[in-house]
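Sequences are here, hints too, so could you generate the full structure?
There are 4 protein chains.
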Amino acid sequence: MGFREVIEHPDRYDFDVETVGECLLDSPLAATSMRVAGKAGGYVNGQRVLLTRDEAVLKEHFARYGKTPSLELAGPHAKIYHDPMWARAAIVTCGGLCPGLNNVIKGLVRSLWFDYGVRTIYGIRYGYLGLVPGFHHPPIQLDPDVVDDIHEIGGTILGSSRGEQDVKAMVDTLQRMNINMLFTIGGDGTLRGAQKIVEEIKARNLAISVVGVPKTVDNDLQFIDRSFGFETAVYETFDVLSSAHIEAKGAHNGIGLVKLMGRDSGFIAAYASMANTVVNLCLVPEVPFTLDGENGLLRAIERRWATGKTHMVIVVAEGAGQELIAGEEKRDASGNVLKKDIGEFLVSRINAHFAAIGKEVHVKYFDPSYSIRSVPAHGTDAILCNLLAVNAVHAAMAGRTNCIVSQWDDAPVLVPCRMATIERKKIDPDGPFWQAVLSSTRQNYYFHGEASE
Amino acid sequence: MGFREVIEHPDRYDFDVETVGECLLDSPLAATSMRVAGKAGGYVNGQRVLLTRDEAVLKEHFARYGKTPSLELAGPHAKIYHDPMWARAAIVTCGGLCPGLNNVIKGLVRSLWFDYGVRTIYGIRYGYLGLVPGFHHPPIQLDPDVVDDIHEIGGTILGSSRGEQDVKAMVDTLQRMNINMLFTIGGDGTLRGAQKIVEEIKARNLAISVVGVPKTVDNDLQFIDRSFGFETAVYETFDVLSSAHIEAKGAHNGIGLVKLMGRDSGFIAAYASMANTVVNLCLVPEVPFTLDGENGLLRAIERRWATGKTHMVIVVAEGAGQELIAGEEKRDASGNVLKKDIGEFLVSRINAHFAAIGKEVHVKYFDPSYSIRSVPAHGTDAILCNLLAVNAVHAAMAGRTNCIVSQWDDAPVLVPCRMATIERKKIDPDGPFWQAVLSSTRQNYYFHGEASE
Amino acid sequence: MGFREVIEHPDRYDFDVETVGECLLDSPLAATSMRVAGKAGGYVNGQRVLLTRDEAVLKEHFARYGKTPSLELAGPHAKIYHDPMWARAAIVTCGGLCPGLNNVIKGLVRSLWFDYGVRTIYGIRYGYLGLVPGFHHPPIQLDPDVVDDIHEIGGTILGSSRGEQDVKAMVDTLQRMNINMLFTIGGDGTLRGAQKIVEEIKARNLAISVVGVPKTVDNDLQFIDRSFGFETAVYETFDVLSSAHIEAKGAHNGIGLVKLMGRDSGFIAAYASMANTVVNLCLVPEVPFTLDGENGLLRAIERRWATGKTHMVIVVAEGAGQELIAGEEKRDASGNVLKKDIGEFLVSRINAHFAAIGKEVHVKYFDPSYSIRSVPAHGTDAILCNLLAVNAVHAAMAGRTNCIVSQWDDAPVLVPCRMATIERKKIDPDGPFWQAVLSSTRQNYYFHGEASE
Amino acid sequence: MGFREVIEHPDRYDFDVETVGECLLDSPLAATSMRVAGKAGGYVNGQRVLLTRDEAVLKEHFARYGKTPSLELAGPHAKIYHDPMWARAAIVTCGGLCPGLNNVIKGLVRSLWFDYGVRTIYGIRYGYLGLVPGFHHPPIQLDPDVVDDIHEIGGTILGSSRGEQDVKAMVDTLQRMNINMLFTIGGDGTLRGAQKIVEEIKARNLAISVVGVPKTVDNDLQFIDRSFGFETAVYETFDVLSSAHIEAKGAHNGIGLVKLMGRDSGFIAAYASMANTVVNLCLVPEVPFTLDGENGLLRAIERRWATGKTHMVIVVAEGAGQELIAGEEKRDASGNVLKKDIGEFLVSRINAHFAAIGKEVHVKYFDPSYSIRSVPAHGTDAILCNLLAVNAVHAAMAGRTNCIVSQWDDAPVLVPCRMATIERKKIDPDGPFWQAVLSSTRQNYYFHGEASE
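Protein chains in written order, with the numbering used here: chain H, -10 to 442; chain A, -10 to 442; chain D, -10 to 442; chain Z, -10 to 442.
Possibly wrong hints are sitting among the right ones.
Note that the list lumps identical chains together, so a pair holds whenever it fits in one copy or between two copies.
Straight-line C-alpha distance at most 30 Å; calculated DSS-like pairs for lysine-lysine [to be verified]:
# : residue 1 : residue 2
1 : K298      : K157
2 : K191      : K415
3 : K68       : K191
4 : K348      : K157
5 : K157      : K191
6 : K185      : K348
7 : K157      : K185
8 : K415      : K157
9 : K298      : K348
No wet-lab data here; the hints were simulated from the structure.
None of these values were measured; they are calculated from a predicted model.
Written out as C-alpha cells, the structure is:
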C-alpha cells in the first residue's frame, strides 16, 4: 500500500467545481464507470470531464452559475491526504431503507481495509442520532469478517433514522472519537445534514473528510444517472404487478391498483409499468390528472371496459394526484386533518363512482412499498453499490470532502453536496421517456380516446 | 376405460353419512391419502372409515346427531353412474383467489379426459354469475391442451365472483347445456349455493351431480385437515415477515406490523408466526386482547423495549381484535359507519400511545394479502390440489352429489355439504397448537410478564 | 423454570421400546404433533402410544421382534434428569446439507435457553470431526442472539463433515468439556456414529444424553413420516422443472432431463413429478427400467413423439437405473473404474440412439441438487424443524438417550436409534403412492403403450 | 396512423453506414435510449450520430474501413416504406434460449399492431427450420391477445433451433406467404443466416425487409452496449453463487465451483462475480490460467487455505481454460475423443491434486446454465426488450433491411449486419473492467501472492 505518498499539508480538501482530479490511469484500482454492459470503464483519463450531453441540465446550470459544470472524476489518487496508519473512519446510514445499503457498507469496509489498510472503522447506529451520545447507541466496530455476508440481507446492519440532530454534538463526537473520515449514506436530507457538519468542521478547523453515497430509491437526485437500489426496486415490482394482473382477471371488471414509491417523481412507477407490460394506466406526480370529466380517471376506466376488456391494472406513485386529495379534506374524531393516501383515496372514489352508476367493479389494492425496499441489491445494481463505495473511499482518502460519489453520463464523478441538493430530478412530461411510458401503457387512448385499439 | 360398468338405474346418488363406499383397492387409479411425507396412501380399504381421533369433533357430532360420524372414502368405484360417452361436465370457481385454483381445474380436466374419456368440459366464467345468461359470459371449452400450463400461474383462468345468484336461472342453464356434473370450487358460501342448486335439481328430478372442492385459504372448514392453498400461503408469508423484521431493525424501536388473512380463524397468522421465528406477538380472532392495561398490547410493546431490544415484529390476523374497533366507531362525511381495518387501527393507536408518552416508535405496516393468495400452488400443496380434483371426478362419475372431497385424518373422504358448512374450524386457545405458537413467539412474557428472558 | 424437580438418581436413561413416557398434558410447553393443517396437536396423552396404522411396518416389526412396536411420545416431562443450572449442551451437524439445519440449531438453542435456562451451549464445528482435538476446530458458543437470524440462511452455521471419527477421542472431548447433552443432527451414518458414542459413554458410566434429530432430505428413514427439509426441497424443485419444460419446448423434440436427489429411494423425484405436472416420465431406484426393447426408455420417448407432442420432461432420481450403468464400465487413464452419473449416462444414450436412427432430439440436462438442498426451510417445514428441536431438548433434559425425535403417524415420538437405522424406507412400486405418480405422469402409456391418449 | 406517407418507389432500403436517418423528433413514438436510470432518451436528434467514445472500436474501424463509423439512429420515420394495410410480418427466434425472447416477440406484435395497424403477423416455429416446408411446422398467427401474458414466461413461444437451412427454400416460403418483413431474433449465426436471406431476396428483387434483434446472453456482440437478457441472467446468478457459498462453508475446506455461460467471453462470469461478492476466483476465456506452478490455480487454492479461511467460491466461464483440456485428451470406449467440460475437468483435477498431497477438500460443483437462461426478463432488461422491438418495427416499416437494432453509447441505433458480426466483444485483461473484477475478488493475491490480506 506504500505507493501513495501522504501529503502533509494540503492547502485544501474541499474541492470546487473547477477542480481537476489527479486520477491515476495506471492504478490497479482505477475507478471504473458503470456502463451496464460490456464497455464498463474507459473514461478515466485524468482529465477534467466536460459533461455535455444532457442539454437541459447544462442550460439550467449555465443560467444559474454562468458557467458549464465540470465535475471531478472519481478514482484513486497518486497522493492521498489521510495516513492510513492513523486513519479512523465512520459510516452512517440515514433515512428510509433502500436495496443495497449493506452492499455499500461492505464495499466501504473492504476498500478501507484492503485497498488502504485502514484498521479502525466504526459503524454509527441509527443515523445521525447515533452521533449524539445522549441517545446511548454506541457505535459498532466493523471489519471484513463482520460484513462478509451482509450483502445477502436487505436493510442496514447499522439501523437508520430520519431527521436532524444537533450539529455541535455530532462534531463533538467525531472529534472525541478521532474520526477523520465520515461516510454518510442517505438522501437529500442527509446531504444537507452533511453540509452542516462540514461547516462546523471547518469552523473548528478539523481535518475530517465528509463524503456521501447518495441514496434515493426514487432515483431522483440531480447529477446522478442511476442511484443504487433503483434497479433492484424496479425488478422487485414485477411480481406484485403480476399479482395485480391475476387479481384483476380473477374478478369481472377487476382493477388491480398498485401504489409504488415516488413522493416527488414517478420514476419507479414509470419503469415498473414498462418492465411488466400488464399496466394500463401509470399515474405519476409530474403528470396531473383529474378524476371526473371526459379526460378524467373514471372516464378512462370506462373506456377500458368499452373495449370489451374486463380487467385493468393501474399503477400510482405515492406522490401522484395529491392536489385531488387536498380538495377533499377529512378530519378525525378530534378534528385533526387526516392525510389521506392516494391509493386508498382512489379505491374509495372508484368504488363510489361505479356504485353510483350501478356498474360492478372490484378494486384490489396493493401497497408493497416496504417489501420492495427491504430486499438486498442484486445484479448490476449490487456492482454499482460497490463501485460507489470504492470511489467514496478514494475520495475521502485523498482529502475530498463535502461531496458525493456518483455515476453521471456513465462516468464516476464527485459532485459537491450543494450541487446535488439543488432540486430533485423529475420526469419531463414532454420528453421521450414519458412518451415511452405512454407507448407501453397506451393510456392516452383511455384518458383521451386517442386512436382506436 | 371400459372397466367400469355404467349403472342404468341407480336408486340414489345423494349419499348419506351412513353410506358405505365401494372403493376399488386394486384400481390403478386408487385414491391416495395425502400424508405429507412418505406414507401417502395406505388407508383405502374399501371399508367404512370410522374417524375416531379428533375427539372434540366426535363428541360434538355425537351430541348433535346421536351417532358417530362416518364418512365415505373417496376414490374410484367399480360401477359408475354417468356414461362417459355422454357425460358433460362444468367447472366453476367462486369467491376470493387462493393458491392452487388452476391446479384443481387442471386436475379435474385431466382426470375427466384421461381417466374417464369425458370430452365435453365447460369452464364457467366468473363464478355462479357465469351460470346466469343475463350477464353474458359464455363458458369456455376446456381440454388437456388448454390447461397444460395453467398450474404455473396464480389465480383462476375462469375468473370468479362472490355472492348468490338466482337458483332457478342457474339450473335452467345446466339443463339447457345438458350438464350432468358440476364441480364447484369455493368456500362455505359456495357450498351453501351448491346445496340450493342440488335442491332445485332434486325438485326437477334431474341427474346432475354437484361435487365441491372446498377452498379456504384460512384452512378453517370442518372435516378438512388441510385445505388446498394453505401450505403455499404460509410459505409465501416467509419473505414478508423477513421484510418486516428488516424494517423493524432498520429503525430505532421499529415495529414491523403485518396483517395476514384470517377473518374468523387465525391459522395463517399462527402458522406464519411459527414458520418464520422473527415474530414476537401473534394476534388472532380466537384470542381476544386489549390495548390498554397491564396485560394490554401497548404494555406488551413496552415490555419488549424493557428487555433492551429495539425492534419487534407483530402479526395480526385480519379478524383479530374486531371488538376493539367496534368501540371506536368512525363515520365518513355522509355519516356512514366506516369499517376500520385492524391493521391501520393498531398503527394509529400504537403511534398515538407512544407519542403521548413521548417515546419514539416507528411502525412499518404490511398488508400483503393479495400478493400471498395470487401465487400458484407449489410442493405438496400442488399435489393435494390434484388429488382432490381426481377424487372429485371419481365421486361425480359414481353419481355422488351434494358433497365435497376432503382429506380428513389423512384419508381422502367425501363430506356431505351440510356437514362441511356447519361452522368454521377455529384455533383452540387452550389446546396444544396455540401453546406451540406461544412457545415460539414467547408472547406470554410480553403480555403477562411471565418468566424472565 | 422451577416446576421441574431434578431426579437425583435415575435408574436408567436409555429408554426401551416398552418405556412409558411421563408427558405432562398440562404443561404450557406440551409437545404438539405436526399435522400439516388445523388439527396440530391432540395426541399427547401421557399414555403409551400404540402405533397401529402402517400395517406393513407393524408386521415386519412383529416378525423381527415378536412384539408390536410402541414408541414413547415426545414432550416435556414432570421430572427432568439434568439440572439446568449445571447442564452443558453440544450440538453437531453431520453429512450433506439439507434445508432446515439452521432452524433446528436455532430451535435447540432457544429451547435450552428459554425453556430450561441452560446457559452453556456449544456448537461443534464440521461434524464429528470437530470433536477430535487434532483437527483444531474449536467449538463456538451459542446463545439466542447468535442464532437469531440463522433460520433465514441455508446450510449450517456449524459446518459439517461426513465419515466416522475415533469414538474414544470424541468421548474424551465430551468428558473434558463436561458436556452432558449431545444433539446430533444427521442421517443414518450419523445415527450409527451416535450409537457408538453411546456405547462408549455407557462403558465409562458417564451421564451424557445423546439425542438425534434425523436428517434425510430423501425422506427415507423408517419411523419418520416426514423428515425436515423434505417439503422445502420438493417446493424448490418446482422452478427447475418449469425451466426444463421451457427448455424442452424451446427446441423441436426437446427433452428436459432433470436429475434429483434420491440415492436409495425416489421420494423427492416422485413428489416433484406430482407437484409440477409437466413431468412425463419419473424414474426412481425402486422401479427398474431398461433402455432398449419395447418397454424401454428409448421406446417410451418414441411413443411420446408419436402422440404429436414435440417436447418432454423426464425426472430421474440419482440412484435410479444404476444396474444399467454397471453394465457399461468405464475406466479413466489410470485404469480406475469411473462411476458414471445416471443423468449424463441417459443424456449420452438418448443422444446416441436418436442419432443412430436419424431422428433429431435435443436433450437439456439439469442437475440442481446442491441448489435445492442449500436453501433455508420455509412454511410448515420450518415449523417441523422447531418442533423436532424442542422435543429433542425435552428428551435430553429428561435423561433420554440413544434415540431420535420423530413425527410418526402424526404424533411426536422418540425412536431408539437402533430402530431408525434398520433399513431405509422405499417407495412400494405396487402401492397407491406410486400409482398416484403414474396417474400424474401417465408414463405407463409411454412405457407400455397402455390406454390411448 | 395516417401521418406517415407511404413511399411508392424507394430507391433503396439497404442503408449504408453513411446513411442519414430521418427520425422524427416530434413523433409521439420517438425512440428512447435505454439509459438505465432517469435520463432515458434525449439523443434522438434527426442527425447522424458520430459515436466517438469507445476509442478502441473507433481506431479498429478506421483501420479497417478508412473512415469513422457512423450509425443511423433508430426510431420512427416521417415516411415509411411498407403500407401497413398490406404489410405481412413474420417473426423467428433462433439459437439457445435467453431471458426476454417472449418480451421481444410481444413488443414486435404490439408495435406492429398498435403503432402501425399491421394485422397479419406470423410466428415461425423452431427457428429457420420453420421456414422450410419439409419440416412440417406451420406458422402460428400472432395478435396482441395471443401475446398478452407471454412476457411472464421464459423461453420462446415459437420454439427455436440452431443451424443453417436452405436459403432458397426459406425465401420461397417468404415469397409464398407474401411476407414483407422478417424479424430475426438470434445471435451471430442467425445474423449470418439473415445476411444470406437478404442476398437471395436481392437476387430475386423482392421488397422484404430483414431486421434483426440481436440475442447474446453472453453480451459479447460488437456495437451493442448491452444485449437483452444479460442483466436478468446476471441477476439470476445471485442465488446460485449464494448456494455455492453456503455449500462451501458447510464443509471443511469446501470449494463451491460454479460454471457460468460464456463460450468466448466471460462477461456473465465477471459481472456475476462482482454482483455477489462471495467469489474468490473468477476464471474467464480472455485471461488464460494454468493449473500447476507457483501462479497456477492449485497453488491459488492453497494460498486461500493459508490465510486461515476454510471455504472458497470459484466461478468459471464455460469457455475458460480450454487450452488446458486440449492437452488432456480423453477417449471413450469406441476411441472417440471426449470433449471434456471445464467444470468437471477442474473438479477432477482439484480433487486429484489435494488427494495426492493428502489435504482434504470438498468440491461442490454447480452447472446452472439452463436454469439461468430460461427465466423471463425483469426490470430494465424487460424494458430494453420492448424498446429494441419497437425500434425494429420502425426500421422495417421504413424499409430498412440487413441491419440489427441496438443500444450503443446509450443511443438506439441501427447496425448493419456485416458490422455486428465482424467479431465478438471480449473482456480486455488490461482494461479497467477486469481490474474492477480483480479488485472485487482480490484474486491476484491468491494467484500471485500480491499484497497481504
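Hints and how they fare:
1. K298 with K157: Between copies, since 29 Å is at most 30 Å while 62 Å is not.
2. K191 with K415: Classified as neither: same-chain Cα gap 33 Å, cross-chain 48 Å, threshold 30 Å.
3. K68 with K191: within (22 Å within a copy, 62 Å between copies)
4. K348 with K157: between (62 Å within a copy, 24 Å between copies)
5. K157 with K191: Within one copy only: 12 Å inside, 68 Å across.
6. K185 with K348: between (57 Å within a copy, 27 Å between copies)
7. K157 with K185: Answer is within: at 10 Å inside a copy they meet the 30 Å cutoff, but 67 Å across does not.
8. K415 with K157: neither (34 Å within a copy, 53 Å between copies)
9. K298 with K348: within (14 Å within a copy, 45 Å between copies)
Against the hints set out earlier in the document, violations occur for numbers 2, 8.
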